[in-house]
Structures are given as structure tokens and as C-alpha cells.
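Visitor: Build the full structure now, drawing on both the sequences and the hints.
Residue numbers (our numbering), protein chains in the order written: chain A, 1 to 356; chain B, 1001 to 1185.
No lab work stands behind these hints, which were simulated from the structure alone. Model, not experiment: these values are computed from the prediction. Each residue gets a CB set at the ideal place from its N, CA and C atoms; glycine is no exception. A few of these clues could be false.
Sample of chain B residues at the chain A side, in silico, Cβ under 10 Å [as the list claims (entries may be wrong)]: (1) 1032; (2) 1102; (3) 1105; (4) 1122; (5) 1129; (6) 1138; (7) 1182; (8) 1183.
Residues per chain, in single letters:
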Amino acid sequence: MSQQRFMQHPWSNWMKGVGPDADIVVSTRLRIARNLRQHPFPLLATDSQAEEVVKKVADVALGATMQKHGKFELIAMDQLSPLEKRVLVEKHLISPNLAEESRKGSVLLNEDESISIMVNEEDHIRIQVLLPGFQLHEAWEIGTKIDDVFEKHLNYAFDEKRGYLTSCPTNVGTGIRASVMLHLPALVMTKQINRILQAINQVGLVVRGLYGEGSEALGNLFQLSNQVTLGMSETDILSNLYSVANQIIEQERAARRYLLEHSRIALEDRIFRSYGILQYARTVESKEAAQRLSDVRLGIDIGIIKNVSAFALNELLVMTQPGFLQHHAGQKLAPEQRDERRARLIRERLAAEKSS
Amino acid sequence: MNCEECGKRPATLHLTKIVNGEKTEYHICEHCAKDKGDMFSGFGGFGGFGDFGIHQLLSGLLNFDPMTKKEGVGIKEGQGTVQTKAARCETCGMTYAQFSKSGRFGCSDCYEFFGDRLDPLFRRIHGNTQHIGKVPERTGGKIKVRKELEQLKAALQQYVAKEEFEKAAEIRDRIRALEQKITQS
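Guide: Structure below.
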């Protein structure tokens, strides 16, 4: 089955490590929430009502007008094993909520995995665009076109006063949530991060860890996203996020310069120690892996480590997650076994980089 | 950092809630999170990989419904709250009380049935109550026409009541034109 392809390789378009400002912005994500009129929201839908929504959405997504925006493949959650679902979550292609709790949840994925359309998540339709680097407006351009195609064929729940109606009141209005994944090791090292995070909370934006709500900022990765969806236009929401993210990027760059000028040896020492450990360790916990990979990533981005690509780092970020490790192994693994496999994977991947 | 609840195990779950710029943080371990039940439901399944169940948290965090407080604490029912409790979406059957508990609407018509009651909630979350972004081409146009139609029909009745038949006829023609426009699109 071709859907296996989404599970087998860790590669996704967003991991390319190219894109604008890729030294700090790992990826950009845009999500558009939409619902159909005259269908209960997924929370209340029966199996048959939920199936009807999948059919309607899939008909459009797999239909002729959508073709020029992407060739989609439909994957139903109940066709997948728990591990396979987890792999898709770790690749950021579906949400934990769709994987675990949805009724008749499905996802439509395009070929390079830059677009995923979740059906029967919290809302009937969630269009997600994932791009490498800092590409907020590009992501919106792609997302809004797909939205337009759906709108031509489906009867959206829309109200002039409230905008696009969503299951959760936190998404109503534009229904968009835009986020950028920022790698901010220097701001963490120079202890400026808390001050910045607090300032962010005051401008209507929110910061989360790598895997969304409630997750920790592992490996110095922070997800910055808009909070407000009602009463602001899409352009304003995106521009607001864009300019705040830009300021943070500048601050991170300044902090990196400062560290290079004032404590170069300590910085190099830290980076090379982590690089050394990852090249030789026999067992690595996920938390340690995230931290060490962050150090190596910083080393690459400021030119201290030269023979490893950012792509390899992004790939390792996903490959070293518990779900992917276990799927790769073809079996459930105990934590110690995972740590061993994780260490081996990292060793092998880094060795492959060196020889290439 | 150790868990705030038991103080023994390391805190593996970190939650930051921000209400009107006021920040509160929770740091708890997996074990206590499971014990917490409701508050952190949605957690589990993936073994420490859950989302935090923002909907369960939402009503507590925002505290936008007097009913939830009242039910727990036992304050006397005021007239206003009785009305709130009675609000019910006729399409899906969800009551306002249920909505405020789950933090999620049952269907798109809930917005209409709960009406202006939602304004304070939206103001708290978004600082706004009125959408100003993208409008779907097709639906948006129809809504505008429908609203205009309603207004015209009301005006028509007034003219008929006042026996101003010339003006009534004028309006009738405009209604016909609009209705045609709707059926054509």
C-alpha cells in the first residue's frame, strides 16, 4: 500500500532545512479550521454522520479542481496501527487529537507532505500547510487556495458576525492558527528567553513546545503562534506573527554573536562535546538527544560544525521520537531498548553525513 | 524540577495558562496528571504524549459561565442565570450549560441560538466579537442578500399596515429581484 510511504521514511518537505532564515526557523505551519453547515460538529456526530463528512470532503480533495493544488491520498485513522498513527504525529502531519480521539478521523496528504487535510478532528476540516524555514505568507497563499476550492463545492458554516464557525470558541473568526518553530539555543544559554516569552504573551501570541499544547520546549525548540482568531484579518494576524518572530530571530542572532565573541571556547566546547557524544554514545534518552542535537544544530548554523547538514538534524529530530523508533524496529520497545536504538540511529546518520 | 502535586517524581508535564495576561504554571508528573482526571483528561494513550484537553480547561480558565461556579458552590439561582441555563440549540440540542462545561459547540447553529450571550466569552478570548477577515465568496454573498431580504419583508409589512400600497409594491418588486438572485446563484 502506498500509504506506507508516509510511515517508512522520516522525510517531509518541512525538514529540508532550506527555506528563508532556516538557521533559526525550522518550519512554518499554517492551519485553517472549517466546518460544514447542517452537520453536527465531530464532537456530537454519529459514525454515519462523520462518515458522510469524510465522503464529502474527500470527494472534493480527490476531485478534478483540487488537482492543481496537490495530489492527495486519503488515509483513515482506523486503518492504521497505534504506532503508525504516532509516526504521523511525530512528523507533524496529524494532531494527537486526530490520532487518538477522533471518530472516523481521516487525513488527506499530498505527495511531499507539505499539505495535510484533517477530517473530523475537532472541526470537520483542518487544512494544514507545513513549509521549511520562515514562510508565513507562502503558507497562507497555499492554504487559502485550497480553502477556496472546498468553498466552491461545500457549504461552509459561516456567519457574517462571527466569521467561520468552529467547534472551539478559541478558533472562531478566521479559523487560522499560524506558527513558526524557532530554534533558540543562544537565548536560552544567555538566559534571556523567559523575558522574551513573557513579552510575547502580552502581544496576543503564544509559545509552546515542539509538539503543541502542553509539550515541553525540548531541544530549545519553541513554537510561536497566534492566539487571536476573531476581530483581526488574516493578513494582520500573519503580519503580527511575522514581525514578532523577526524580532526574536534578530535577538537570537545577536545572542549567538555575543556568545561567539565573549565565550567562544566554552561554546565550542559544548557543541563539540555534544557532537562527540552523539557520534559515540551507545544509549541516549530522548531528552538528552534533543539537547545534544540542539547543540549540534547550533554548531552547524554558526559554522563551527561543517560536515553535517541541517536536513540530517531535522530528520533525526523525528527519527529519534519514540513512535518512529518503534515503527522502524517493527515492534514495541521498552524505554532502554529505545535509548539504545536511538543512539545507534544517530551514530549511523552522523557517520553517513561525514562520508557523504 | 519535581512535581508540584506529590513533590516526589520529576515533573514531566508543563502547562502554562494565560488569562488576560496573567500567567499561571503547572508542573506535574505523569502519575499525578492521571490522578487529576478531568483537568488533564485527553492525556494518556500515547503514554505521556497527550494534548492537554484545552476544552476541559477552557471553561475553568475563562470562568465565563456563572452556572459552573454556582453548581459547585451552591449560590442561589439568580434570574439571569436561569435564562442562561434555558438557552438551548434547537438544531443539535446542546444547552448553554453543556457548552460551558465542554468548551465546545455542538454544531454551527449553536452560535445563533446562544447569540449575544457569547459576546463576553469572545471578548475574553479574542478581545473582539466581530469577524473582519476572509469571507467565503458564495456563502458570504448569499448571507448579505438574505439579510437584506429580511429587512425588506419587514418594511413591506409596515407599508401594507399603513396602506401605503405604492411604496409596498416598489418593495415587493425589489424582494422578487433579490429572491431571483438567490435561486440563480
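Visitor: So, for every hint listed, does it hold in this structure?
Guide: A quick look at each hint next to the structure:
1. 1032: violated, 14 Å
2. 1102: holds, 7 Å
3. 1105: OK, holds: residue 1105 (chain B) within 10 Å of chain A, min 6 Å.
4. 1122: holds, 6 Å
5. 1129: Interface hint status for residue 1129 (chain B): holds (7 Å vs cutoff 10 Å).
6. 1138: This interface hint holds because 6 Å falls under the 10 Å limit.
7. 1182: With Cβ-Cβ at 14 Å, over 10 Å, it is violated.
8. 1183: Since chain A brings no Cβ nearer than about 16 Å to residue 1183 (chain B), farther than 10 Å, the hint is violated.
In this structure, the hints that do not hold are numbers 1, 7, 8, in rising order.
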